[in-house]
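**Q** Next come the chains, spelled out residue by residue.
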Amino acid sequence: MAASLPSSRSKVVTTLLVAPAGLFFLFLLILPLIVVIIYSFGARAEAGGYAPAFTFDNYANLPARGQAFINTLTLAPLGTLLTVLFAYPLAYFLAVKANERLRTLLLVLVIVPFWTSQLLRYYAWIMILGSKGIPSWLAWIGMTDVRIINTPWAVLIGAVYGFLPLMVLPIYVSLEKLDKRLLEASADLGADAPRTFWQVTLPLSLPGVATGSMLVFILLMGEYILPQLLGGGKVFFIGNALVDLFLQSRNWPFGAAVSTALVAIMFVTIAVYMRFVLSRGDTRRAALV
Amino acid sequence: MSDNKIITPQKFLDELRRFQKGSVTRRHFLGVTGLGLATAVLGTAMPGLRPRKAYAALSGTVNLTTWPNYHNQENLDAFTKKTGVTINMNVFGSNEEMLAKLQAGSTGWDVFVPTNYTITTYKGLDLIEPLDLKLLPNYDPATQDQRFTSEGAVDGTVYAVPKDWGTTGFVINTKNVTQKPASWKEFWDLTKGPLTGRVMVHDYQLTTIGNALKYFGYSFNSNDEKQLGEAEKLMLEAKPHLFAINSDYQPSMRNGDAWMSVCWTGDGVQLKRDLPEMEYVIGKEGGEIWTDYFAIPKGAPNKEAAYALIDWLLTPEINAKEVQAHGYPSTDARTNKLVPKEMLENPILYPAADLLTNLEFGAAATLTNPLRAEIMARFKSA
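For the protein sequence lines, the chains are B and X, in the order given.
Using my numbering, the letters of the first sequence correspond one by one to residues 6 to 294.
Using my numbering, the letters of the second sequence correspond one by one to residues 850 to 1231.
Simulated from the structure, these hints should not be mistaken for laboratory data.
Yeah, the Cβ is synthetic: ideal placement off N, Cα and C, and Gly gets one too.
It cannot be assumed that every hint is accurate.
[To be verified] Footprint (simulated), chain X over chain B, 3 or more residues, beta carbon under 8 Å:
(1) 148-155
(2) 242-256
[What the hints assert, rightly or not] Pairs of lysine-lysine, DSS-like flavour, derived with a Cα cap of 25 Å:
(3) K931(X) with K983(X)
(4) K137(B) with K1121(X)
(5) K1088(X) with K137(B)
Taking the hints into account, I'd like the entire structure generated from these sequences.
**A** Okay, structure coming up:
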């Protein structure tokens, strides 16, 4: 009797603590998702919008946006990979090589761009990548007529620039927590620096890489403004297709089907990726970083 | 209290302080001090003060949904100063987007600026208020150019009053484009040829598909499947040669990335004003002519202020300043009298009559045709 009272009270406390997040997810994630799924089986109303129906036409029509899926599914992973390649050396330098004071300064510098709206920073990149920007410097050293803006390359540059901090910070955290004695042990046992890196440092920092990659990949998959601004409307992501479907052609059911397909693809990709990462050694514990 | 007792000087000052500190609204202050009544009485007694009587009832915010670079900020500030109503401006990229937002509901808009071909659709979906012209004393149907105003009325009821009109042609930077294109045929052929990578088209199905149809000499408004198929083929051929698909073409034209773009009158005027090498061309096969209107959506939260704002912007002296800022010709003869002569003689604003004869007003069915929307989407995602 005496024992059951605290336990029932703790249940109440737990319920109260979980309730805000639970209600938030229920009303702002689960229910809207159900609405989207219901809409995806409907038909386009005469003047646009949604008309109740039960049809698989919208799913059968998905290949009409095939190129958008292909663009997104190649550029999002490629952008994530490039961001890792740029972020890892920086995070490594911050966590392992830099001294205390320099580290604080550099960490602040990594975060500073977040103080300005991403939209404004992409507008600045339109100028930098436009013909009066980098291409004009390249022309000066003899590489004439290089076009960057409104190509997939501009979108990739924008992705690396925009998402670098999101990648650097998790990798930095996992490298910083790395037990330096392991590196000494590795050296004692005769491994040279590259071997220590590949066999000790890198595997132990993989949780950080996984977390950062997930963040960047998920954001890139749903990206709209980046391809719109730096791709000039020519590099077309699923996000752009969705905006057009809901705001231009007002074909909500087809838009709902494309959204559902996107969510499904992300779900499967992330599940496979996490399973792959978690299966690599004892990273399960550290993946909670 | 204020009905039967005159306010004491001390109480008046207290109320004034409260009003200044913002603890009470202007309406409360005018009511409790009797100043509102006094103004109203003075207003009826002195005709010169009469307009202010109407404005005294206004308060809050008016939400204006419009297009980019489309108003004179001075006029908007003057409205706020005169009425105490703050203007919250909201800029859109396409009529479809406006329609989508209104269809989704609860926009909170008070005034918006639809183009001629959307008005019957808004009326059909019951999204738009019939206008009480008595509340727009500065709007005079008799001085309007009838060519541009008929589409504001549906079945004899006025739903929208005209703001300005314009054409859709293309702009070229003559420093880089020396071929002197004069037709849509030349526009698309140059795009696929010597101007590869330097041309922009609107991110807007109505104009992009319409002007591709003009290449073959078809109607800008064609909804014929076979003709639309030909237009799509042309657009897909041109796609790899385009610099961008974007309705915000001024920045790229200005910095030299793009040399030719589909263009609306006012953007042509604004570009030419700053860069004399820019030329605006109306395709000789024709293309689009249009009118933008002011309208009030159903459920507008501040309808009084909406009428006041529309009336203010249609006042000839104010409207003339609008025209000078945005560069689109007014439909109102009284306004045109007040616009500087060099603007009236500007061929971009007022093209020669023979160029206008081939132009077509966009049709409602052109905007809402699902096939056109799908062609545009295929073009963009290709």
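**Q** Measure nothing beyond the straight line between the CA atoms of K931(X) and K983(X); if it is 25 Å or shorter, mark the hint as holding.
**A** holds, 20 Å
**Q** Holds or violated: are the alpha carbons of K137(B) and K1121(X) at most 25 Å from each other?
**A** Measuring from Cα to Cα gives roughly 21 Å; hence the hint holds.
**Q** Test coverage of the region 242-256 of chain B by chain X using CB-CB distances below 8 Å; three residues minimum.
**A** That given contact holds, which follows from 10 residues of the region 242-256 of chain B lying within Cβ reach (below 8 Å) of chain X.
**Q** Hey, K1088(X) versus K137(B), does the alpha-carbon distance stay inside 25 Å?
**A** Distance of about 23 Å is within 25 Å: holds.
**Q** Mind taking a look at whether chain X covers the region 148-155 of chain B? Criterion is 3 or more residues with CB to CB distance under 8 Å.
**A** The restraint on the region 148-155 of chain B holds, since 3 of its residues have a Cβ under 8 Å from chain X and three suffice.
Of the numbered hints stated above, none is contradicted by the structure.
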